[in-house]
Amino acid sequence: MRFKLIYMDNGATTKIDENVLKTMMPFFTDKYANPSSSHSFGQDAKDAIDKARGRIAESINANDDEIFFTSGGTESNNWVLKGVAFAAKKEDKNKNHIITTKIEHKSILNSCKWLEDNAGFTTTYLDVDKDGFVNPEDVRKAITSKTILVSIIHGNNEVGTIQDIEAIGKICKESKVLFHTDVCQSYSKSELDVKKQNIDLMTLNAHKIHGPKGIGALYVKRDTRIMDWQQGGSHEKGMRSGTENVHGIVGFGEAVKIAKNDFKKNNKYISELRDKLIKGIMENVENVKLNGPDIKENGNKRLSNNVNFSFSAIEGESLGGYLDQKWVCSSTGSACNARTLEPSYVLKAMGLTDEEANGSLRLTLSKFNTEEEIDYVIKILPKIVEKLRYISPIGKVVNYFKKDKKE
Amino acid sequence: MSVHLSEAILMLKYSEETMKRFSHPKYVGEMKDADAVGEEGNFKCGDVMRIYLKIKDNKITDIKFLTYGCVAAIASTDALCETVKGKTLEEAEKLTWKDVVKGLGEMPTIKVHCSVMGIEALKDAIKKYRNGIKPVFDDEEPCCEEMRKIGKVNE
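Protein chains in written order, with the numbering used here: chain A, 427 to 833; chain B, 74 to 228.
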């Protein structure tokens, strides 16, 4: 019999909220019309999309006409990079420089690489400090006359570091360079205001905030120079054609509504669970290090749901494997878990050694986690670490020469 | 524009047999009276393998392993130990990767190298034994800089 699953991988995706699902269901069966159809049946679907668009715009203090729906965070990030790059190049051939960081999501890094390889753009990848923070002054220093865009992730998906996007946005505004931020992880966990924070472009998605997968959005400030992304029947004001994912959009809107209403309550609850888990593990395991901002001094600069440890002398995939057998879902920055067999580039950018990165474990919480689950993980995790350290050769010393031959 | 096929077709799902071995490995542990010790691997990819052998009359009478490694490394090396125990050094040397993993079901392609490490460590141990390199167990002195570092992550 399968025990009750303990899901602590909410940085990967979240469980859809039952109420979100309820609002989506009629759009599969009863209200299935195409929103582009002129009959009233079609107009009902269009109204539902407009309502969701309004809620999303309101949640980041934007205007409704600045929200464009996409298939998710990856698409929004691809659109931003390529759309802004080609629009700038069309206007001025010399404009070819992008600034980002070493700790972005792969959809940003690989889009930059694509622009470098195929369209003659250059990218500056900014360093971060040991806790994963970008120094806003580094952004200022990196901006040149050729710079078209600064793209910096708001809340980091691996270690939970929340960047000072207001300071970075101000610098970009002063330098007249577009500023994009990916808020997929921080949406519903940190205050967002595109006007106050001087944001020109913002990547949003639904499935990290208990909404459905396959739906996201891009906020584009009015009059921002960006190319249209997908050509067809002129949906999304001609910027991103394709029949709208109506049920997804409706679910996204509802997820945003719930997240907004419960913002304070949820974040207080989740960050308390986070702090309990961090303290519980630090007190019960030796040679463990918390990756990302410290909760005592910088608790509000860390995503409320993110926990990331490095355990010495053990390998993260095995750790996750034993947790999985206890029905705990986690993730790791270990090379062994990666397709490239390289340890996490985010942890490496923060200055962790290969050993530390390979021994990393990420636990990401949500409103559906309970205190009992935290207690259970605090109980079993130290035992698993102990077992793996027993299996590990590290620290168990063998010399291959007789003592008299030793140097 | 290129896509690395090895990445595209990657499958990281382990077989039931592999998971069973991983959950309850029978041959893990330190062997302080080993006649030979072999090592393989590096820290970067997250795998270090050590194999201990007890050898009598050219036969491997006992075998244990330690690993700083992943699910595949633990499971496949445990299977290797079972295969090797009781074999002569010559028989053990001839073992291939296929001999080891055949009882484990399908192994994710990218994980093959993790399961080869056990064999390499075994060969290293046999080579050292033949060359007369005897292990000395010394708890006082770390044997390399990297091990010293990792033991002190917290400092």
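What the hints contain is simulated information worked out from the structure, not anything from laboratory work. Positions of the beta carbon are idealized from the N, C-alpha and C atoms, including for glycine. Check the hints yourself; a few may be wrong.
Between beta-carbon pairs, the in silico distance windows are [unchecked claim]: (1) Asn115/B - Glu600/A: 22 to 32 angstroms; (2) Lys805/A - Glu90/B: 46 to 56 angstroms; (3) Val185/B - Ile806/A: 23 to 33 angstroms; (4) Leu431/A - Lys160/B: 41 to 51 angstroms; (5) Arg203/B - Ala545/A: 33 to 43 angstroms.
Pairs of lysine to any residue residues, derived as SDA-like cross-links and limited to a Cα-Cα distance of at most 20 angstroms, are as follows [claimed, not checked]: (6) Lys86/B - Glu768/A; (7) Lys207/B - Val823/A; (8) Lys201/B - Asn825/A.
Out of the numbered hints, which ones does the structure contradict?
1, 2 and 5
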